[in-house]
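Undergrad: Chains X and C, in that order, are what the protein sequence lines are. All letters in the first sequence, in the order written, are residues 32 to 269 by the numbering used here. All letters in the second sequence, in the order written, are residues 514 to 984 by the numbering used here.
Among the hints, erroneous ones may be present.
[What the hints assert, rightly or not] Residues from chain C that keep clear of chain X, each with C-beta distances beyond 12 angstroms, as calculated:
1) I572
2) N632
3) I698
4) D719
5) D727
6) S746
7) A764
8) I772
9) A792
10) V889
11) S920
12) L937
[Said to hold, decoys possible] To give an idea of the interface, some chain X residues facing chain C are shown, with a C-beta separation under 7 angstroms as derived from the structure:
13) L103
14) T176
15) T182
16) F191
17) L193
Honestly, the hints are just simulated from the structure, not real lab data. Given the structure is predicted, the values throughout are model-derived calculations rather than measurements. Every residue gets a Cβ at the ideal spot worked out from N, C-alpha and C, and that includes glycine.
Letter by letter, the chains look like this.
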Amino acid sequence: MPDYKPVSLVLILLGLFGSSVSILLGFIWVPGINPESVQQGSAESYRILFWHVSFAWCSFLAFLMLFVGSILWYLKNDEFGWRLFSTGSDMGLLFGFGVITSGPIWGSVAWGKPWDWGDLRLNSFALLTAVALFLVLSRKSQPDTNQTRDTLSIIGLFGFFLVPITAVATTLYNRRHPPIIIIEGEDTGLPDEWKMVLIFSFVSFGLIFIGVSLLNDMVNQLESKIEKYQRVIDRGED
Amino acid sequence: MGEPLLLELEGLVVDRGTRSVLNDVNFKLREGEVVALVGPNGSGKTTFIESCTGTIPFIEGNLYYYSDSDERTIIRNKVGRNSNIPQIGLTLQNDGICGEETVEEKLFSVLNMNEGSKNAYLIESILSDWGLYHRKSSRVSQLSGGLKRRLSVLSGLCPAIFSPQPIVLLLDEPSEGLDDEACNILTNWIRTIASRGNGIIFTSHDNDLISCADRIIKLEENKPITESSGTSSGAIVSMVESEVFTRQVSAKSLINWAIKMELRNPIDTISRLTPALVALFISFSLIGNINYETIDSQIISLLVLLPAFITCIISPALINRFNEADCGRWWYINLGTKFRPISSFIGASILLPLPLTYLSWIILIGDKSELYSNDVVTWLWLPALCMLDLAIASSALHFLVSDLQRSQASSASLLLIFLVWPFLELSEALSYIMTDGMSFSLELGSPLISCLFASLISSLVWLVAVFLPDA
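Same shape as in the complex, but just chain C (with noise of 0.2 angstroms):
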């Protein structure tokens, strides 16, 4: 075949753990091609289409990207990491949606268009066309198994429908958990988008699926890969047009993504303030019939910083979001490398420590206010922004430890005791605030260097735990 490349895998070596399941694999996908992966349980087809998102470490080879004018890019070698890919059309083995979000907000986020109503209608003919469109507006966890599973088969091949240039689609066992009805729509509609220059690769056990395909590659463990030619059997449909282009999904995508699930259903919010809040009311009741002027001011500033830090440390419930149905590895996929810092920002406390620490200050201080410096009450929100730095460090270690596949059988909570440091650094800025009132001297244990340091650790511990990764 002469049609242009849009992916190629060289001496491809991957193991999972002692095991070697791809040996030297080599591969290319053309431009209009339909690739077909089979073979039994565990012998690599998942891996397979891992790979080909360049997200899996690889033992040996290479994993390029074509583009329009056929110039090469390397995604990953045997090193790492060397960009992220480009725009492709992807359908999870466990769907990667969250339950959170409804049926027409996931087909926005995979093609990142706006919601506006110019859009709408061709949102609305898709799902149509997968018979989706009654539960448009349906929250995921909502829908039976089949819808579910239709959603996601559709967030993989609506990428193609509008992308101005040929793409790939990787899908894993799409057909799983599809009706027949639904299957032979996937058929006809895979024929469709490979005939508009798309290339597509699917993992399936389906062999009706398979007959659609152009070539069969056939994984088994621990023997070389064999190929064969498919029969390419299905219709070709018709399908929307649009003159509104998809763009590959970004940053912002994430992030209105992320605050549309808090805003629907603020568990991060809660799950943060309700301990930070009983610790906040212990401390009360703790110290507040004991005379304050026999109490260290050190001690007081740790406890009015307190329930900020709690609120800080507590793991983001972007983790879970994440975790249902492998939505955060979607992510992670179509984002590349900018997912890890974006995530360690979207899932911190960002909102509560400035408002906690002022509650804070009220509830502990209050009446007996005159005891300590008066500006406190000016200056208390440096250290309370500070604490910002030190919410997005433990983000992104929460973030490093759900990378693990049991990330719920870890226990976080160790590593985080380093951040203990940056808490004690803002504490004595405040308490050195408190006892001799704001000081604008850089003197070591002044307030603005206390905080600067505090500041500084964070982002050394962030900077590991987002770079270290996907270096």
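Same shape as in the complex, but just chain X (with noise of 0.2 angstroms):
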């Protein structure tokens, strides 16, 4: 097994910098939002998005990840789809939970609220996360069983099979509310500054990302190395 120790945490420590520069740069070289437009608190706020963007495309990627193993583990039962399954529910929650508690933020400035119940980025995002929050909890607490990997394997599926349910769902529910107050600028283009940074910030966020999935596998699969050590030990054989 290759160890991916030092690589990860160069990205990670590059991802960190890179994106504690985006958000001092967001502060710094971007022009500010019409504070008329803000509906409630303060808009520098606003620069959040600098964060939950790179958040929620990141988590893009893990929900991806998390898919795809799930499939390769129901169908096939095939153990790289397990490595990419669990790195794929970690990364899922991780930045899952970076996207739901930097929106609300947002939404509250450009809202004036920080929850939609009509928004269906933010509720697939939500409901996810919470998928993966499960996903997470159960792989630690439960023994590492075939049955137990078919059954989360299933909630991981689950959990895709929620979106465009939640998509039918929300647009119903959306339909029948005032629409969400888009500050002006963002339908119409974003400055060239903006997507610098987001890019930037994306970049960032993807090395991180890229940094903790390597460490996470490989930490999943010390951890199964050694259980198959302490069971040989358990049979008192050499």
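Take each chain as given, in its own frame, and dock them per the hints.
TA: Structural data, given as structure tokens:
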């Protein structure tokens, strides 16, 4: 098993530095927004978007990983699929939590309320994050058997079946409510500085994502290896 | 041996986590044969028995059962389950009996017989043979460990006595917890039942019991299985003869069983009703003194439906009953793919949503009903009835989570958040009826369409939770 630890640590440190720089650039370089378009709170809170969007993009990757892993395990009992599943659920929880905590900060500014039951993205992420939390807690608390893996991969797939259903439900629900108040500028295109900082932030978060994923996978594999050795000791063999 | 085959395992590979427990096992069980599985703890004896029930995943291999006409049916392969097993006799290591049922009821359930006087003497005769007659009306929870084990073993043997054709009996550690007298009865019964053509597989560490086997299969971790001949010791004893034939355990047996358990000890109803009533009275104290005209009808409709929603999402008591001594596992093995959909129905809160919704309306709205349309009382049943779909979906999700070995350590509530959607749709429907009266329009947003969508969403959740695990 290759040792990813040095590479992972470098990537994570670079990513953390980049994400800190991106939020700093967001404050000092990117033009602000019109305070009149703010529904509630400080206009500066709007800059949480530089992290929020990056969190969201990375969670898409994590949930995709979780989905592919679930399918591979469910259909083929593929060990690599289970590794993807394990890392995908951990990353999904980490970055999904980032999305649903940073989202309401932006929501308060833009909509005047932290949560909107009619917003598809928000609700899908909340549900997927809840599923990821369930999977992470269950993986840690359950004995690692094929039956446990089967059930958890079904719940992983269940999470993805929720997305189209959530889409239908939120569309129906949203149709009967006043539209979300979008502040000026978002629909008409972002200024270049915004785009650059967003991309820089995403690349930084991407580095963190890759670094943590590699570390996570390595830890999971090592745990499995230790478990094997412990069983050999249980049997009293050399 | 030239006797017809009953069961066959072909090239079986089964893993537990990262450990390969059974590796390339080939096994055949013939009519009239008694096979003992021996080996140290963790060698895969129970996994072998579970493989014969077709309920655990195979990495490789096939499980076949043979019918009278020597026709071979594939039950499970590495892709998944192909069909349900035929009637078997089954004794689980953990008994598989809920403490709430009585001794007599357990045998009637196992044999899928009506509890009429016509069949009662048969059961009484069997119970007498096993020293359980005086306890026939006792709840299993009142029995000592030894008597409980006797009942569990008897439940595994009984189907063979009343079966019109030879069947397979799977007994996991049947002599564990039995005294010498009971062990002796067991040995003789095994030989007698086998002499009638039934095939028996049992696991054991007990040398006396192992001596009654025709074949002994030794399982050891990371070693190929070895086989030797047994001494087939044991006497043929007289056993009740009956014209009444048992039927395979059916969905109806499970439904009857679940209703009986709930009537005897209504913990499901109480555990659902209590939080619902607390929520109702909290809502009443919060909005009771507020001018209703200032409150959005959507909020009122949410509060009216909230108690029913709470009853629907609470974990079914049936799960606890199933978890007791692997009782649910016993039903699952016997019912196969029918188990999950049926359990999701009988575990759901079917009776409470309707009366609770009306009670909620009366308490929360009471004399302020003139503020809302007269249609509400007439049509309140509609969202309340659609709540049943939500209840069944919630029950299915709880059962999905209960598949986990340590399900009590999992937080099913995280998955239930999703059911807020059908709830919101139903509250929209009620809100519409409250403000504009009932409408039979089929436009989006009309009460009928909102209720339809709520049911549709719940049904989709139910389908995923019920059919994916056994697909």
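Undergrad: Each of the hints needs a verdict: does it hold here or not?
TA: Status of each hint after checking the structure:
| no. | hint | result |
| --- | --- | --- |
| 1 | I572 | 6 angstroms, violated |
| 2 | N632 | 37 angstroms, holds |
| 3 | I698 | 34 angstroms, holds |
| 4 | D719 | 23 angstroms, holds |
| 5 | D727 | 31 angstroms, holds |
| 6 | S746 | 33 angstroms, holds |
| 7 | A764 | 23 angstroms, holds |
| 8 | I772 | 28 angstroms, holds |
| 9 | A792 | 20 angstroms, holds |
| 10 | V889 | 19 angstroms, holds |
| 11 | S920 | 9 angstroms, violated |
| 12 | L937 | 6 angstroms, violated |
| 13 | L103 | 15 angstroms, violated |
| 14 | T176 | 5 angstroms, holds |
| 15 | T182 | 4 angstroms, holds |
| 16 | F191 | 10 angstroms, violated |
| 17 | L193 | 6 angstroms, holds |
Violated hints for the displayed structure, listed by number in ascending order: 1, 11, 12, 13, 16.
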